[in-house]
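Asks: These are the residues of each chain, in order.
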Amino acid sequence: MSETNDVIDRELTMSRAMVESIAHEMRDNEEVFYMGEDVADYGGIFDSTQGLLDEFGRDRIMDVPISETAYLGAAVGAAQEGMRPIAELMFVDFFGVAMDQIYNQLAKNTYMSGGNVNVPLVLTAAVGGTYNDAAQHSQTLYGTFAHVPGLKLVVPSTAYDAKGLMHNAIRDDDPVMYLFHKRLMGIGWMPAPDGPKTPVPETDYTIPFGSADIKREGADVSVVTLGLHVHRALAAAESLAAEGIDVEVIDLRTLVPLDTETIVESVRKTGRLVVVDEDYRSFGVTGEIVASVADRDLGALDAVERVAVPDVPIPYARPMEDEVIPDAADIEESVREVVSSK
Amino acid sequence: MVSPDRIREMYGDMLTARHYEERLQEEYLEGKQPAFDISAGPIPGELHLAAGQEAAAVGVCHHLRPEDTVTAPHRPHHVAIAKGVDLKRMTAEIFGRESGLGKGKGGHMHLFDPDVNFACSGIIAEGCPPAAGAALAAKKRNEDSVAVAFLGEGAIDQGAFLESLNFASVHNLPVVFVIEDNDWAISMPKERVTDVEDGSDRAAGFDMPGVRVDQDDAVAVYEAAAEAIGRARDRNGPTLLEVQVHRRMGHFMGDPQTYRSDDDEEAALARDSIDRIESELRDHGVDDDDLASMRDDAETRVEEAIAWAKEQPQPDPEDAYDDVFVNPPSGVTTEEPEFELAEVNADE
Amino acid sequence: MRVAVRATGDWEADVDETEGILVDWFAREGRSIEEGDTLCEIQVEKVSVDIQAPVAGTLDEIVVGEDDEFEIGDTLGWIRSE
Ligand SMILES: Cc1ncc(C[n+]2csc(CCOP(=O)(O)OP(=O)(O)O)c2C)c(N)n1
Ligand SMILES: [Mg+2]
Numbered sequence: 001m002s003e004t005n006d007v008i009d010r011e012l013t014m015s016r017a018m019v020e021s022i023a024h025e026m027r028d029n030e031e032v033f034y035m036g037e038d039v040a041d042y043g044g045i046f047d048s049t050q051g052l053l054d055e056f057g058r059d060r061i062m063d064v065p066i067s068e069t070a071y072l073g074a075a076v077g078a079a080q081e082g083m084r085p086i087a088e089l090m091f092v093d094f095f096g097v098a099m100d101q102i103y104n105q106l107a108k109n110t111y112m113s114g115g116n117v118n119v120p121l122v123l124t125a126a127v128g129g130t131y132n133d134a135a136q137h138s139q140t141l142y143g144t145f146a147h148v149p150g151l152k153l154v155v156p157s158t159a160y161d162a163k164g165l166m167h168n169a170i171r172d173d174d175p176v177m178y179l180f181h182k183r184l185m186g187i188g189w190m191p192a193p194d195g196p197k198t199p200v201p202e203t204d205y206t207i208p209f210g211s212a213d214i215k216r217e218g219a220d221v222s223v224v225t226l227g228l229h230v231h232r233a234l235a236a237a238e239s240l241a242a243e244g245i246d247v248e249v250i251d252l253r254t255l256v257p258l259d260t261e262t263i264v265e266s267v268r269k270t271g272r273l274v275v276v277d278e279d280y281r282s283f284g285v286t287g288e289i290v291a292s293v294a295d296r297d298l299g300a301l302d303a304v305e306r307v308a309v310p311d312v313p314i315p316y317a318r319p320m321e322d323e324v325i326p327d328a329a330d331i332e333e334s335v336r337e338v339v340s341s342k
Numbered sequence: 001m002v003s004p005d006r007i008r009e010m011y012g013d014m015l016t017a018r019h020y021e022e023r024l025q026e027e028y029l030e031g032k033q034p035a036f037d038i039s040a041g042p043i044p045g046e047l048h049l050a051a052g053q054e055a056a057a058v059g060v061c062h063h064l065r066p067e068d069t070v071t072a073p074h075r076p077h078h079v080a081i082a083k084g085v086d087l088k089r090m091t092a093e094i095f096g097r098e099s100g101l102g103k104g105k106g107g108h109m110h111l112f113d114p115d116v117n118f119a120c121s122g123i124i125a126e127g128c129p130p131a132a133g134a135a136l137a138a139k140k141r142n143e144d145s146v147a148v149a150f151l152g153e154g155a156i157d158q159g160a161f162l163e164s165l166n167f168a169s170v171h172n173l174p175v176v177f178v179i180e181d182n183d184w185a186i187s188m189p190k191e192r193v194t195d196v197e198d199g200s201d202r203a204a205g206f207d208m209p210g211v212r213v214d215q216d217d218a219v220a221v222y223e224a225a226a227e228a229i230g231r232a233r234d235r236n237g238p239t240l241l242e243v244q245v246h247r248r249m250g251h252f253m254g255d256p257q258t259y260r261s262d263d264d265e266e267a268a269l270a271r272d273s274i275d276r277i278e279s280e281l282r283d284h285g286v287d288d289d290d291l292a293s294m295r296d297d298a299e300t301r302v303e304e305a306i307a308w309a310k311e312q313p314q315p316d317p318e319d320a321y322d323d324v325f326v327n328p329p330s331g332v333t334t335e336e337p338e339f340e341l342a343e344v345n346a347d348e
Numbered sequence: 001m002r003v004a005v006r007a008t009g010d011w012e013a014d015v016d017e018t019e020g021i022l023v024d025w026f027a028r029e030g031r032s033i034e035e036g037d038t039l040c041e042i043q044v045e046k047v048s049v050d051i052q053a054p055v056a057g058t059l060d061e062i063v064v065g066e067d068d069e070f071e072i073g074d075t076l077g078w079i080r081s082e
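Chains as they are written, first to last, in my numbering: chain A, 1 to 342; chain B, 1 to 348; chain C, 1 to 82.
Okay, chain A solo, but in the shape it has when bound (with noise of 0.2 Å):
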């Protein structure tokens, strides 16, 4: 496809430009490979790896058994020796099964050998509810992998960011975890939001770790959000307009390093901060974020208010799911909250 005037002409699903970076990193580099359930001739359960097989062949994207206690910690073993494994969790809700190699393996061999080790390997897993999969297939865990020490963590909402994180993670000497979110990923059988699809460079960037981005510049409120909610929040921010209020939509990316600088100044000019997030709301990353923000400058709060999955697991059916995930409407009235509380 030609680019003229930096013009990109191509738009891509968040799927394939994920895979887009796959493939161009396997190609530079013999060491990086993918291993998972269903990645090979499935091309993945949520197309993260569509095509793939076809170019590299089974040893380079391989079909494992449904053993993830066995092959992530073999991808943490070839990732001691120095390859570059992506290896993938279907669902992250599956990392139960898995827990050591991922909490004490994967996250901190680094520490206890004193940085004489490293382990450069990415983790991906399909995250997210909102197509009524129940407790146990639609969580995103982000604060569960946040939270213990050694592990960055990588949520891109929209293409573009999806194939610059991508490079940066495989190209990172340490581990990443990548949360793609299902419902973004752009699949033909559970249509995407618009704005995750969005011109994607054909070259190989990288977009660095612990840099938000700012999908939408306001100077009322200052919303923090990642991953779907990125969209839920600037859907919100579209009607809040309307009103007359001008909100700030922050993307986190990363949540490890999280970009603590980017959201202090949007609160320092907005005073007023919401965070959304799809994870349980106690112990998580709505809590973490007002408490960095406090930490960092508590003078700037005017308000704050946190919308997340109130503590209860994932409901199946639809008006339950629907009720304990956040919508445009609960972000809404957060923000409406704090403009009227301050």
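Hints are computed from structural coordinates only; laboratory data are not their basis. Hints should not be assumed to be uniformly reliable.
Unchecked claim - Across the chosen pairs, the derived CB separations fall in these ranges: (1) B:D195 / C:T58: 52 to 62 Å; (2) B:R23 / C:D68: 53 to 63 Å; (3) B:G159 / C:S81: 34 to 44 Å.
To be verified - One side of the interface only, derived from the structure: several residues of chain B facing chain C at Cβ under 10 Å: (4) K32; (5) S39; (6) P256; (7) D319; (8) Y321.
Ideal Cβ positions, reconstructed from N, Cα and C, are used throughout, including at glycine.
Starting from the known structure of chain A, arrange chains B and C with the ligands on it as the hints suggest.
Replies: For chains B and C with the ligands alone, coordinates are given in the frame of chain A:
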């Protein structure tokens, strides 16, 4: 020799389970054509149907009593039907309705019917440890109930399964592990993920009997299960039982199955365990009218369950907040009782 | 010259349905296209298929929009070739 009455009963459940899956498929696809949008139509979420796997479920479960425990995986309906789970409330759960087994909270992969001690889980092989636990409880209480864990052939590479075999073996637990070998784990054929052709061979490593029923044949399964369940009831320890079944549909509804050859699919369709048990019944002198009326009965049961389920109300959004605990924070005693504590530091 | 982008291909052998849905366009009207570029993704019976540009040029017109249905063989859009 399996009695003709028993074969009839198994046949009835197989017909029910098959018709159930076919009808759920229709209901599920409603509103999903030509565009397959997982969020459209009357049945929420993913749907894993078990058409072609009925023989394993009935052959085993027809030895069980309500107090015996069964755990099933993400493909649970045929096992639930064979175990006697309330069909109406199960269907209501699958449709996400308030009167469902889990009030619409669990869904089709997470069905719980404590009246017949049935449960299932969407995480691969995770039903195995709780089944061993139910067996442990029976053993401790000196009851003669048993437990059965169903799982797919793809699930037997999971730690939870292998650890449970060892645990059950060393504690001599009254539990039977049943592998339903349908040759596929989503898109991955068995030979790509293991070099051990027969899952039942793994029993040897845990010093327990491993039995494989090579035919998708309910009567043969029933006979093999008699031995395994009997062994458990007599407190002679666990058994690993494997049954060859067939996946007549995709892994989940909407699976394009582009990874599967037409030959494989046609072969699965050709080996129908329902035809097989039907001819067995004919050998016992059951005539066409009789078979037809059994088919009618099964269909009626299914249609009634689906019709009933669809009449049930949707849950209220606020119901989402209930049932996280049986003893929710508001129900907890908030005041600390007062005690006279001994003065431990009296000397000071 | 305008060249049609049509919903046809080898994949037709794998499907029974005659209707499909257009899932995604990867270019907008007026943008330039190389021959062979993946122009759009369609879904027929949940089988996803990429449709490639038959010629180079500019995407002149999108006939079947995203989420719209079509019959196999229909014209999905037009390319104006150089
Ligand atoms: C721990 C875990 N890993 C992966 C999955 C995703 N998954 C669901 S079903 C399935 C295949 C299971 O194959 P098998 O055990 O043979 O059962 P079948 O689907 O054939 O009935 C997989 C990988 C899961 N649910 N849990
Ligand atoms: Mg299987």
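Asks: Taking the CB of B:R23 and the CB of C:D68, does the distance hold inside 53 to 63 Å?
Replies: Violated: the Cβ-Cβ distance is about 31 Å, outside 53 to 63 Å.
Asks: Grab the minimum C-beta distance from B:K32 to chain C and call the hint holds if it beats 10 Å, violated otherwise.
Replies: holds (9 Å)
Asks: Does 52 to 62 Å hold as the CB distance between B:D195 and C:T58, or does it fail?
Replies: Roughly 55 Å apart at Cβ, these two residues keep to the hinted range, so it holds.
Asks: Minimum Cβ distance from B:D319 to chain C below 10 Å?
Replies: violated (32 Å)
Asks: Given a hinted range of 34 to 44 Å, is it respected by the beta-carbon distance of B:G159 and C:S81?
Replies: Since B:G159 and C:S81 have Cβ atoms about 58 Å apart, the given range 34 to 44 Å is violated.
Asks: Is the interface hint for B:Y321 satisfied, with its Cβ closer than 10 Å to some Cβ of chain C?
Replies: violated (34 Å)
Asks: How about B:P256: closest beta carbon in chain C under 10 Å, or not?
Replies: holds (4 Å)
Asks: For the hint on B:S39, just tell me whether its beta-carbon gets within less than 10 Å of chain C.
Replies: Interface hint status for B:S39: violated (13 Å vs cutoff 10 Å).
Of the hints listed earlier, those the structure fails to meet are numbers 2, 3, 5, 7 and 8, in rising order.
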